[in-house]
Amino acid sequence: MRVAPYVFILPFILSFLIFYLYPILSTFVMSFQQVYPGQVEFIGWTNYGKLNNPEFKVALQNSARYTVYTIALLIPIPLLLAVLLNIGNRKLNSLYRSILYVPSLVSIVVAGTIMRLLLASSSKSIVNTIAAVFGAEPRQWLLGGPTQAMLLLLILALWRWVGVNIIYFLSGLQNIPEELYEAADIDGASGLQKLWRITIPLLKRTTIFVTTISIFGGFAMFEESFILWAGKPSPNNVGLTIVGHLYNKGFQEGEMGMASAIGIVLLIIVFTLSVSLLKIFSFFAEEGKR
Amino acid sequence: MKRIILVTILLVSLVGLVFGAGAAESAKPAAAGVSDVSFWTFQDLHLAFYEKMAKLWNEQNPDRQINFVGEVLPYEDMHTKLLVSLQAGTGAPDIVDIEIAKYPNFLKGNIQLAPLNDVIDPVREKFVTSRLDIYSKDGKNYGLPFHVGAMVIYYNMEILKAAGVDPYKIKTWDDYMVAGKQVKEKTGKPMTTLEVTEQWSFWPLIAQQGSDFLDKDGNVILDNDTNVKTLQMLKDMLNSGIAIAAPGGFHHAEEYYGFMNDSGAASLWMPMWYMNRFTDYMPDLKGKMLILPMPKFSTGTRSAGMGGTGTSVTLQARDLKLAKDFLMFAKGSKEGNLLIWTDLGFDPPRWDVWDDPTMNQPNKFTDFYLNEDIFGMLLEIKDEILGVNIKEKLPAVIDRVKSSVMIQALQQQNRTPAQALKEAADLSR
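Protein chains in written order, with my numbering: chain X, 1 to 290; chain R, 1 to 429.
Bear in mind the hints are in silico, worked out from the structure with no lab data behind them. It cannot be assumed that every hint is accurate.
[What the hints assert, rightly or not] Here are the simulated lysine-lysine pairs, DSS-like style, with alpha carbons at most 27 Å apart:
1. Lys126/R to Lys216/R
2. Lys52/R to Lys126/R
3. Lys189/R to Lys124/X
4. Lys81/R to Lys50/X
5. Lys124/X to Lys286/R
6. Lys232/X to Lys235/R
7. Lys124/X to Lys288/R
8. Lys186/R to Lys124/X
9. Lys108/R to Lys232/X
10. Lys50/X to Lys108/R
11. Lys184/R to Lys124/X
12. Lys186/R to Lys81/R
13. Lys232/X to Lys81/R
14. Lys50/X to Lys393/R
15. Lys232/X to Lys286/R
16. Lys232/X to Lys393/R
17. Lys50/X to Lys216/R
18. Lys422/R to Lys50/X
19. Lys57/X to Lys393/R
20. Lys57/X to Lys422/R
21. Lys52/R to Lys321/R
Only chain R is shown next, with the shape it has when bound in the complex (with noise of 0.2 Å):
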């Protein structure tokens, strides 16, 4: 009898020892009254902004009080997490940063993403809607953007002026060409970089152009005419020394940032959610940089919208309602699109408060680049902002445009611009 209670007691802690150490975990109880919202993100920049939105809406809502708890994960292991626990149908947050180049993952199956309809409607026609359109499936609208993410080009005035060449007068790509040549002979350096290992060199210039990599229904069009001809562009460049490979192969690379530290090149087009990039990791560039709308085709526009993060309420969010007023406060009220750009640096997706004063007010972006009126040069571009089509290829093909077709055409080029694109789209449709 002993021995069977020794080894039930035995049992029993095993089992305990097992199941326990989850349990204590979540034993955290919010205070009477206050609804606990988890939330993940891969940036701390937007988790350090949620927090302030929190400490607002906690403010103004004092019946509706929230205890925000966020999360910073590594941003594959985030996306990994959530795609598993949204599959499991458990241990996802309540609300969740989505990167845009994995939101169409999530937009497959039976959505596991809350729609945010009810919530954007009544100020639906304050957004920049492309910006809606990116995150949405069927007419819903699942995910809140960030910025417009609205592409320009930054110019490294030291630079120009040593080569004699005026950014202001450079209006097409030809133009750019030209002062590109310019400023090789006269100072020696390239005038802009490119990604080898990324996209952000390639899809802004075929955006422009209202060409893509997927069409309107999700289509593969990787290989046609526009993008063939706009990959040739860059080869040309890099072979005639206008531009060298981004040193580390793309614009986020460690060497990368050291070497346009140390005015490396004469200019870069990134969109303007590259802002920060500069203030945080090339200081010395301060007072150096102008920014400017991109150069323009024969056909058309001066921009288009490029990255983006999308916030989605998950379906396993605990008070459903609470987390999508707080993600639309957060994320779509005034106050929280003047603080998306004071501290963050994005170019806020309502273009209501493109024209607040607030926007003018010194901060240290204004303070780092050499505008008058950085959001005076958006208005200008408000309308040439073209979208980009968000569907469920496009991870898989943004994973090969980055391991072949830039690196084949550019870096090694073992294969011509048509070659690569159009095996890397032959392997995508």
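One chain only, chain X, in its complex shape (with noise of 0.2 Å):
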């Protein structure tokens, strides 16, 4: 009688042991390990030690900076388009709302491909023959210094993920009684009133959510720079991030120890910051008074 719940549920537990908390476990082991194919040592702190290095420091800045822009560019952005979505011809708006969703489905792979290559150096690539009708010289767009290169990340982020966060902002937008708008509208508050004092503190769980995968996102990210760069090591590291430097050392060099060591201080990282994000903002507590 009671076996059924356990079984139902079973391919979910089995999926995390097998496929989320085992590798952790063992990623946590390996970080302690020199991992050589068919030879496995323990060597203590060594990898972490290995950390204090320049291209870590320039991947963490990379994968911090990178974070921070997405994320004050991704909320406002999607939250303003969200609400104007909101309020416009519903038939337009499920328009706008579909073409501003369609590029998160397109893979990152081909997206960073075509940005690729509508940048190419020659000066008959499509952003250079642009560029020239303006009477500007060709140029190396991706061999840029680390300002153009952060500039070229974020547009391809900003592309591909404002959609998806007009989605989030949009359901929350739906759970925000309209009495409180008609309430503000008899009190005779204005459009911008409204917004600031009814729409922006009620998304609050929404933006805290947004902010919350950003993060994540943020210091995940890996495939954008990887195929703008065409899987080669991008000019002065400009485009390398924790993940892509985890990548270098584990997958180029074969120091599997080494990049797991760099896995865990990501997890502890990006662990950290999501908890402090929700305790800034009394997640918890509220979750505890419901």
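Join these two chains into a complex; the hints should help.
Put into structure tokens, the structure is as follows:
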């Protein structure tokens, strides 16, 4: 009689144990080992000690900057778009919604490759052709400095994720009771006041959620930069992220133990940031009150 | 009771669903007496070569038939997948192509590749042995090379003629600079292009002078005097307009092929294996290109062996002996070495075939290039093809040469060659 519930949750439990818990534990163990084919040896904290190198610092900086910038862009822009989509003409809105959402369905490999070809350094590439119309010289877009590289990565992130975040904010907006706006109307509130006093505060939970996944996404970013520089190291490591560094150590240089240590550090960073964020916004307290 | 039976059925089918999918894939038995030999590569041209050799093997070995199953994977994916399956101890193919820059990763720990000494020994002296050494550790050979990778220089004769330059008179790098200036003045075109995100413009030049990224024991010597001087020379070439940075950053970029195809630069130094890039990706240069030995430095040689792919047998091979014998037949036999030239346009690693009549028969390469006797030229520099040291730190060093040294010293010029090399060397030590 009581077996059935367990059977139904078994697939989840199994996949969690096999594909999540076991890899995490074994990564933790591997971070204290030197792992070579057919030869595994415990070496204490050596792998963590080696993290004190300029490349890891660059990777950490790049990932942190990328995360901060994506949060700074991917919260206000989708929020405003969602609010606009929520008030206008219904038929047109669903069209706009689809248009904005489509990019997130495109594989990052395809998007990155197309972007790379658009930005190719030949004078015949699309971006350089457009630049030439305005009298600009053809540029080696992908071989530029860190600011230019970050800009390209942010454009790609914005194009891809705005639609997804709009959907989150739209669903949040739909949970705000109409009466509050009606009451505000009666009190003579302006549109801006309603946005500032009603919409944004009541979207807090959605905003916290979007911020949290943006932290995950930002620190986990790898494919975008990997594809944009065609799998080669980016010039001056302008596109090197923590996961990129992990990939280089593990698969380019065959240092799986070191890669595991990087993974564990990443886990700790993301975990600490997310928990502190939730604490700051007293997410848990609210949860308890309910 | 019924409920328990139902639950059991559900459980069994669930487990079956998870594990059955994998089982179905491998259940493709070979015909009786035929052994499966699996193969991974990252280059479809290589696969076509092995498939031809497998057919030939089956004709010559009726009692040891093979069913050759090859798979082409993207470069990074293939090496990653191989590393993981060798580490896991399961899932690797019988035979695999490993690119030279990745090879040292597979020589770490308890090497999971089979030593090939027993099959190589009978014909060892017919090989350019420096090319066997690059895939070796502690006297054991783990990989067979595809080619010698001799460095050569490709001249665009149309541009040189317009500038009045005779490439046969270019013997030293100083001559090359003088010719470069003349080309620039007369035609407005650069003499050459330099890679700023890869190592092929830099590595051969230091190798010509007996220097390298690593020494014989694997220590980092990236920042030695020879290397600093050589990088400075490249920087001077860029700043004087003799050279430009390769469009796209390196000589395999899509935009680079387009640029060169339009006769963008007068010459280019790359290994012999670059020959098929011209025939396949820059067809408009047909009948315009001449291959000659590299210019020399005051000390040093006219060439160096660069790049390559080592093919190895993994210890997971189903029939180790068969896999080794087939690999040796494919890459080590005379037939195989001739096919390496006629089909792939590589300079075969067995020098005893270089004067074979087949090497002079017309093919797509002899049709394309202006040379009358490409291998005559190669035989002439045979003893000048210096090897490089392929040791454990190489992947990390090459990574830094690509990502920082070339960009900083040549493209952005925000570090002097000495600074850029020293920083990368210190990081790698």
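Each hint, compared with the structure:
For the hint linking Lys126/R to Lys216/R, the alpha-carbon distance of about 24 Å falls within 27 Å, and the restraint holds. Proximity of Lys52/R to Lys126/R is assessed by CA-CA distance (about 23 Å); at most 27 Å being required, the pair is judged to hold. Distance hint between Lys189/R and Lys124/X is fulfilled; the C-alpha atoms sit about 18 Å from each other, no more than 27 Å. This hinted pair checks out: Lys81/R and Lys50/X have alpha carbons roughly 25 Å apart, not beyond 27 Å.
Distance restraint check for Lys124/X and Lys286/R: the Cα-Cα separation of roughly 23 Å lies within the 27 Å cut-off, and the hinted pair is therefore satisfied. Only pairs whose Cα atoms come within 27 Å are accepted, and Lys232/X paired with Lys235/R is accepted, the gap being roughly 22 Å. This hinted pair checks out: Lys124/X and Lys288/R have alpha carbons roughly 24 Å apart, not beyond 27 Å. A threshold of 27 Å between alpha carbons decides the hint, and for Lys186/R with Lys124/X the separation of about 25 Å falls inside it, so the pair holds.
Only pairs whose Cα atoms come within 27 Å are accepted, and Lys108/R paired with Lys232/X is accepted, the gap being roughly 23 Å. The suggested pairing of Lys50/X with Lys108/R holds, with an alpha-carbon distance near 19 Å, which does not exceed 27 Å. Pair hint Lys184/R plus Lys124/X holds up; C-alpha atoms about 23 Å apart against a cutoff of 27 Å. Simply put, Lys186/R and Lys81/R have alpha-carbon atoms about 51 Å apart, too far for the 27 Å limit, and the pair is violated.
Between Lys232/X and Lys81/R the alpha-carbon distance is near 18 Å, which keeps this suggested pair within the 27 Å criterion. With a C-alpha separation of about 15 Å, the suggested pairing of Lys50/X with Lys393/R holds against the 27 Å cut-off. Distance check on the hinted pair: Lys232/X and Lys286/R sit about 30 Å apart at the alpha-carbon level, beyond 27 Å; violated. As the CA atoms of Lys232/X and Lys393/R are separated by approximately 18 Å, the hinted pair is consistent with the 27 Å bound.
A threshold of 27 Å between alpha carbons decides the hint, and for Lys50/X with Lys216/R the separation of about 25 Å falls inside it, so the pair holds. Between Lys422/R and Lys50/X the alpha-carbon distance is near 19 Å, which keeps this suggested pair within the 27 Å criterion. For the suggested pair Lys57/X and Lys393/R, the alpha carbons sit about 21 Å apart, so the restraint of at most 27 Å is met. For the proposed pair Lys57/X and Lys422/R, the alpha carbon gap of about 19 Å is at most 27 Å, so the pair holds.
Between Lys52/R and Lys321/R the alpha-carbon distance is near 20 Å, which keeps this suggested pair within the 27 Å criterion.
Going through the hint list in order, the structure does not satisfy hints 12, 15.
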